[in-house]
Amino acid sequence: MAFQEIKLYQTGTFVAGNRLLDPEQRSVQARMGRSNSLTSGHRACRGCGEALGARYVLDAAMRATNGNMVAVNSTGCLEVFSTPYPESSWQLPWLHSLFGNGPAVAAGVAAGLRAQSRDDIRVVGQAGDGGTVDIGFGALSGMFERNDDVLFVCYDNEGYMNTGVQRSGATPPAARTANTKALGPEPGNAFGQGKFVPLIAMAHEIPYVATATVAELHDLEYKVEKAMSFHGARYLHVFVPCPLGWGAASEDTIKLARLAKESGMFPVFEAERGDVTEVSRIRRQVPVEEYLRPQQRYAHLFGDPGRPDIIARLQARADRNIARFGLLPEGDD
Amino acid sequence: MRSQIEGSQAVARAVTLCRPGVIAAYPISPQTHIVESLSDRVRTGELAHCEYLMVESEFGAMSACIGASGAGARSYTATSSQGLLFMAEALFNASGLGLPIVMTLANRAIGAPINIWNDHSDAMSMRDSGWIQLFAESNQEAVDLHIQAFRLAETLSVPVMVCMDGFVLTHAFEQVDLPTQEQVDAFLPPFIPQQSLDPTDPVTIGAMVGPEAFTEVKYLMHAKQMEALDLVPQLADEFDEAFGRRSGGLLKPYRLEDAETVVVALGSVLGTIEEVVDAMRDEGLALGALGITCFRPWPGAEVREALSGAKRVVVVEKAFAVGAGGIVGQNTRDATRGLPVEVYDVVGGLGGRPISRASVRALLDEVLGGQLDPHRLHFLDLDLDRVQREMERSRHGERPGPHAEHMLRDLGAVASGTNE
Chain A
0 MAFQEIKLYQ
10 TGTFVAGNRL
20 LDPEQRSVQA
30 RMGRSNSLTS
40 GHRACRGCGE
50 ALGARYVLDA
60 AMRATNGNMV
70 AVNSTGCLEV
80 FSTPYPESSW
90 QLPWLHSLFG
100 NGPAVAAGVA
110 AGLRAQSRDD
120 IRVVGQAGDG
130 GTVDIGFGAL
140 SGMFERNDDV
150 LFVCYDNEGY
160 MNTGVQRSGA
170 TPPAARTANT
180 KALGPEPGNA
190 FGQGKFVPLI
200 AMAHEIPYVA
210 TATVAELHDL
220 EYKVEKAMSF
230 HGARYLHVFV
240 PCPLGWGAAS
250 EDTIKLARLA
260 KESGMFPVFE
270 AERGDVTEVS
280 RIRRQVPVEE
290 YLRPQQRYAH
300 LFGDPGRPDI
310 IARLQARADR
320 NIARFGLLPE
330 GDD
Chain B
0 MRSQIEGSQA
10 VARAVTLCRP
20 GVIAAYPISP
30 QTHIVESLSD
40 RVRTGELAHC
50 EYLMVESEFG
60 AMSACIGASG
70 AGARSYTATS
80 SQGLLFMAEA
90 LFNASGLGLP
100 IVMTLANRAI
110 GAPINIWNDH
120 SDAMSMRDSG
130 WIQLFAESNQ
140 EAVDLHIQAF
150 RLAETLSVPV
160 MVCMDGFVLT
170 HAFEQVDLPT
180 QEQVDAFLPP
190 FIPQQSLDPT
200 DPVTIGAMVG
210 PEAFTEVKYL
220 MHAKQMEALD
230 LVPQLADEFD
240 EAFGRRSGGL
250 LKPYRLEDAE
260 TVVVALGSVL
270 GTIEEVVDAM
280 RDEGLALGAL
290 GITCFRPWPG
300 AEVREALSGA
310 KRVVVVEKAF
320 AVGAGGIVGQ
330 NTRDATRGLP
340 VEVYDVVGGL
350 GGRPISRASV
360 RALLDEVLGG
370 QLDPHRLHFL
380 DLDLDRVQRE
390 MERSRHGERP
400 GPHAEHMLRD
410 LGAVASGTNE
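Chain order of the listed sequences is A and B. Sequential numbering of the first sequence, starting at 0, is according to numbering that gives the first Met the number 0. Sequential numbering of the second sequence, starting at 0, is according to numbering that gives the first Met the number 0.
These aren't lab readings, by the way, just hints derived from the structure by calculation. Ideal Cβ positions, reconstructed from N, Cα and C, are used throughout, including at glycine. Hints are not guaranteed to be accurate.
[What the hints assert, rightly or not] Some residues of chain A that are not near chain B, with every Cβ distance over 10 Å (derived): (1) Pro-85; (2) Ala-103; (3) Glu-144; (4) Arg-306; (5) Asp-308.
[To be verified] Chain A stretches covered by chain B per the calculated footprint, using a threshold of three residues with CB under 8 Å from any CB of chain B: (6) 49-56; (7) 136-142.
Starting from the given sequences, assemble the full structure and let the hints guide the process.
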């Protein structure tokens, strides 16, 4: 057999470099025994952040539970692209009911398993940001306050992408969507609206809340594994760029996820019982402009004359995140 | 064992005997006593191996039942009125997925105007949700129907709604024969799900289905309901054999032999109607009654057969399709198409207004006297004068204001303000 040159592509983050690590430290995706819970052949768009996130989340959870797992899915892109009848990409027991009830269905599955003394089988619920922060929010809060034994994962691409890119409660200010167009004196989504559900999840004082991005997949797997080490309600909010909805290049999904974190636009942290326990610091801080510019949904902020005033307001939001969560690089604070 | 017991307590006991694995419920009057009692029974261990979820809404309750049933647990909930409407999306989902959930519906009016009292608007609004709908005439029948409902649901993998009149039955104390655990265990075997979330045999439940197969999946739902038309009477017979009493079945014919005029109704009002039938029979009038126990699936052929000898059919129903007419009436008219029979649509008992023997008698006298137009919708005990006064009043002035408040003022129920 010919000698195969090993390409070393470690970039100084957690994203790569599996081959440099001990087998035990390698990502679940890099292992022969990965479960391929969401297997290939599905119909997600090229560069879909959600498909990538779901694949990593579920395989890590499957590993953590030794395959004793059920997934519940709310309606949305993930459900649609994975199950065009009679095909299914799901290699694990999977239940989809409705758009707004994923957390309640997951709680019901957990209760049903417990009633049969099968609580060795764990439950993961998943939804997009619409199904989590908007239409499913009552059910999510109920699941949290009852401390049902469910890990609920939100794949946040900041809008209703499945229905044609409309605004959700997770859409950031100034972003153009199909119903917050770049029209009028305040183009795009309004400032002073929206919600950051990880903080609301923490207010329920549930055992574990974490945020992650698809730029740091090792970190994502670590958080899933950690979440599965707890019982009770857990929440994982994963930032997943959407090339279609954001007007971004398919190959920029990972880059944008990284820039969201490095600019302070999306804080990455962990919390237990309502308190922040770990923060993933910015490695090399970038101005928000660097994150915004590659995305067509912010195109109205650039060009001539552009809207430097709005960019400054977005920078102020990032700065607030940086101050609030202590995101500055080690030694800078 | 015979007990003098509240309807809700009796139903809670019956549900306990059916050994559900998961109960998820949200409080709404007049369902509350049922779910409170079940909470007690889970806490004391009388109902073992049961998870009781106090959910954040009725939508959550039905959703949790969907999850629990999908996980292979026998699942139960109870609701009323607005709660049923709040569940609506999940009701269609449960039936579409073919999950054999059993639910008690303590029938109550739907607002606005907000009203907690009994009628059948809630059940009727969900008649096309794909759930089997059984209506109890008495608390004894409510108990018995729940035991049959789990068998029926799980045999066909179809959800079943047991409807019992709110307050009239749920809060009434009467003698009920409560079966023993051994009797129920012998009638209702442990739940073996037809589909289940099992890591050793992973399935995808709730896949997206396009035009290429949607019709066929829906046809299967219909076919299962048609099977229920055979299974419901079979279960009633089997129940009779095991428990020694007649409960359930599709229809309750009452003195139909040679009956020229037949009153059709659902639920607890049948008792009142049967008394009027008895009185009129005593006078030599050929009256009968037909109770509909199983409203969904609609036993059209059986209804037609039961009404084949009648000249006049008076449908007294506690709901109606606003802007269209009767609901049970329309189904009855459909079932009797081509028969030489007039069907009268009569709406009564809305929002808890009692349907008295006197009202039923007066109605039937009008029918027999040819004073009732069979081509119009009729409202039992309607105060037409008051309606006309309000219509007249609201024609004047630019902002006539809310009808409900003015109606109450007109009635003298609101002391403040004047009508002028």
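Going down the list of hints, with the structure as the test:
no., hint, verdict
1, Pro-85, "violated (7 Å)"
2, Ala-103, "violated (4 Å)"
3, Glu-144, "violated (8 Å)"
4, Arg-306, "holds (40 Å)"
5, Asp-308, "holds (41 Å)"
6, 49-56, "violated (count 0)"
7, 136-142, "holds (count 4)"
Going through the hint list in order, the structure does not satisfy hints 1, 2, 3 and 6.
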